[in-house]
Amino acid sequence: MLVIEKLTKAYGSSRALDDVSLSIVPGQFVGVIGRSGAGKSTLLRALNRLGEPTAGRIRWNDLDVTSLSGRHLRDWRRRCAMIFQQFNLVGRLDVLDNVLMGRLGHTASWRAVTRMWSREDRMLGMAALEQMGIANLAAQRADNLSGGQQQRVAICRALLQEPDIILADEPVASLDPRSSRIVMDALQRINRHYGMTVLCNLHSLDLARSYCDRLVGVAAGKLVFDGAPAALTDAVARELYGMEAADVIDTAPADAPAPEAAAALA
Amino acid sequence: MSFSAELLHRPGIVLPPRRGMAMPAAIIVLATLVYVAAFPLLGISLASLWNGFSQLGLILGLMLPPTAGGHFALYFDALLQTLSIALLGTLLAATFAFPLGFLAARNVVANRVVHLLSRRALDTVRSVDSLIWALIWVNVVGLGPFAGLLAIATADVGALAKLMSEAIETADRRPVEAVRSVGGSRFMEIRFGLLPQIMPIFASQLLYFFESNTRSATIIGIVGAGGIGLHLYEQIRVLEWQQASFLILMVLVTVAIIDAISQRLRAALIGRRG
Chain A
1 MLVIEKLTKA YGSSRALDDV SLSIVPGQFV GVIGRSGAGK STLLRALNRL GEPTAGRIRW
61 NDLDVTSLSG RHLRDWRRRC AMIFQQFNLV GRLDVLDNVL MGRLGHTASW RAVTRMWSRE
121 DRMLGMAALE QMGIANLAAQ RADNLSGGQQ QRVAICRALL QEPDIILADE PVASLDPRSS
181 RIVMDALQRI NRHYGMTVLC NLHSLDLARS YCDRLVGVAA GKLVFDGAPA ALTDAVAREL
241 YGMEAADVID TAPADAPAPE AAAALA
Chain B
267 MSFSAELLHR PGIVLPPRRG MAMPAAIIVL ATLVYVAAFP LLGISLASLW NGFSQLGLIL
327 GLMLPPTAGG HFALYFDALL QTLSIALLGT LLAATFAFPL GFLAARNVVA NRVVHLLSRR
387 ALDTVRSVDS LIWALIWVNV VGLGPFAGLL AIATADVGAL AKLMSEAIET ADRRPVEAVR
447 SVGGSRFMEI RFGLLPQIMP IFASQLLYFF ESNTRSATII GIVGAGGIGL HLYEQIRVLE
507 WQQASFLILM VLVTVAIIDA ISQRLRAALI GRRG
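Protein chains in written order, with this note's numbering: chain A, 1 to 266; chain B, 267 to 540.
Don't read these hints as lab results, they were simulated from the structure. Model, not experiment: these values are computed from the prediction. Among these hints, one or two may not hold up.
Stretch-level coverage of chain B by chain A, calculated; a stretch enters the list once three of its residues show a Cβ under 8 Å from a Cβ in chain A [what the hints assert, rightly or not]:
hint : stretch
1    : 437-444
2    : 459-467
Pairwise CB distance ranges, derived in the manner of DEER restraints [to be verified]:
hint : chain 1 : residue 1 : chain 2 : residue 2 : range
3    : A       : G51       : B       : A387      : 27 to 37 Å
4    : A       : S146      : B       : I294      : 45 to 55 Å
5    : A       : Q140      : B       : R372      : 55 to 65 Å
6    : A       : D64       : B       : M465      : 31 to 41 Å
7    : B       : Q529      : A       : A108      : 36 to 46 Å
8    : A       : D234      : B       : L535      : 52 to 62 Å
9    : B       : A534      : A       : S109      : 22 to 32 Å
10   : A       : A230      : B       : V380      : 55 to 65 Å
11   : B       : A387      : A       : H72       : 28 to 38 Å
12   : B       : V380      : A       : P26       : 50 to 60 Å
13   : B       : A534      : A       : A108      : 28 to 38 Å
In this text, a Cβ means the ideal position worked out from N, Cα and C, and glycines have one as well.
All chains should be built: construct the whole structure from the sequences, respecting the hints.
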């Protein structure tokens, strides 16, 4: 179980995270929602220590994540994979090499440095790509792919880490609606099939409602909602999103294809 | 809502800003004055240039037709030596510049003191021209191509390392973050986050330096650091203009060939997307 206790992150006098406490049961698909700048990214990046919290504690079972350093910290990062809004692939390397980056935590340094990945790792990489429907792109340079394809490569990279948790930081914010669906479906599959815990920052309330088991609302660095998607009323959402509420609630769900369009695609 | 008419007529927004011609005119006048005033101070007289023109024409006439004077094998050998000096010098510079570039990059070495010291050291080495380095090395290792090679290497190591460190600092940091997020070590962050971005830039810089070093290696030959420059200097000294022009042509053709090859290589290195 992932336990976050009184987590605070301060930048000077302003607080990006303010006394956030949260427990996450393994296997959950948790959506972190809130307006831009609410502290969603800060929360996720504190969990794998890409950003250092100012105060508070993070525990994973008996492991005190906040006190880790060196090899132990790297091992923890291996166990909680991150998916980035901008995919963060190595553009000049091919797709399979990018996926195999996920094996760095499992591979001897000399093998990794020379990119002499083991046969097993390569097979694992190809299997992951096949699962995401992009095995045919394995030899392409990563920066030649579309956004949706790149994000699926990033998911494969995360899978190869064999993580316990996946932290997805706005994974679909740079994607078109169709690619968004594909990527969210992939995250859902991983959650269901492998039982990996997924923590996903989402701006779109619609996506959050349709994919997550549990929603956590953050506003101005504070935890303001924690419950099932059904419990999130429009009134709460309005409070959560403030001025942006109209964008995420009142509009027709732009992310789902209209029925006619779906029929045309089929 | 339309914007107000007042906004339309305010200069600098929709209309081009009103700029006077006074400033450019003043700069031109001032520059001319500085130039003219400098002539008597430095003892430059236009008359000497005017009188010398006939001399220049005479020299050009004496250069034709270029001829090797039966020394082609000797000159060709010297040309190869010049090329070797350029190539080996560039490679030696690269060997040292590569690690130094990382040392001088702020996003790799967080220590401000190390960063600052390495930057200063590189700047110092860089500010001394290869010709001066050649004079120094000739005194250290004696006349010949070894001194030339060392001169090229020392003069370039600073510039190459500086370019490297700048390329490293402006590299996209997202892949670096990705490597960190999978649990990669600091070394792996550099290996996979930075190196793939840096290598093509570095290789392309090397090719460019090799090109320009072919020219430098000719010059430093004059002070005894080996190669074709020495012959060129000798032929000019004994007023063998036909052979001098032949040597100049040899260098020109070689540089042109290297330019053409390295341009292709660099284009291939950078690679095309899509």
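Hint-by-hint comparison with the structure:
1. For the stretch 437-444 of chain B, the stated coverage by chain A is satisfied: 5 residues place a CB nearer than 8 Å to a CB of that chain, which reaches the threshold of 3.
2. Counting residues of the stretch 459-467 of chain B whose CB falls under 8 Å from any CB of chain A gives 4; the rule of at least 3 is met.
3. Checked against the given bound of 27 to 37 Å, the beta carbons of A:G51 and B:A387, roughly 34 Å apart, stay inside it.
4. Between A:S146 and B:I294 the CB atoms are about 53 Å apart, so this pair conforms to the stated range of 45 to 55 Å.
5. The beta-carbon spacing between A:Q140 and B:R372, approximately 33 Å, falls outside the hinted interval of 55 to 65 Å.
6. For the hinted restraint 31 to 41 Å between A:D64 and B:M465, the CB-CB distance of approximately 40 Å keeps it satisfied.
7. For B:Q529 and A:A108, the hinted distance range of 36 to 46 Å is satisfied, since their beta carbons lie about 41 Å from each other.
8. Between A:D234 and B:L535, the C-beta spacing of about 56 Å keeps the proposed range 52 to 62 Å intact.
9. Here the CB-CB span from B:A534 to A:S109 is close to 31 Å, well matched to the stated 22 to 32 Å.
10. In this structure the supplied range 55 to 65 Å holds for A:A230 paired with B:V380, their Cβ-Cβ distance being about 57 Å.
11. Taking 28 to 38 Å as the suggested C-beta distance range, the pair B:A387 and A:H72 conforms, at roughly 37 Å.
12. Separation of B:V380 from A:P26 is about 44 Å and departs from the stated range, judged on CB atoms against 50 to 60 Å.
13. In this structure, B:A534 and A:A108 meet the distance hint of 28 to 38 Å, their C-beta atoms being roughly 33 Å apart.
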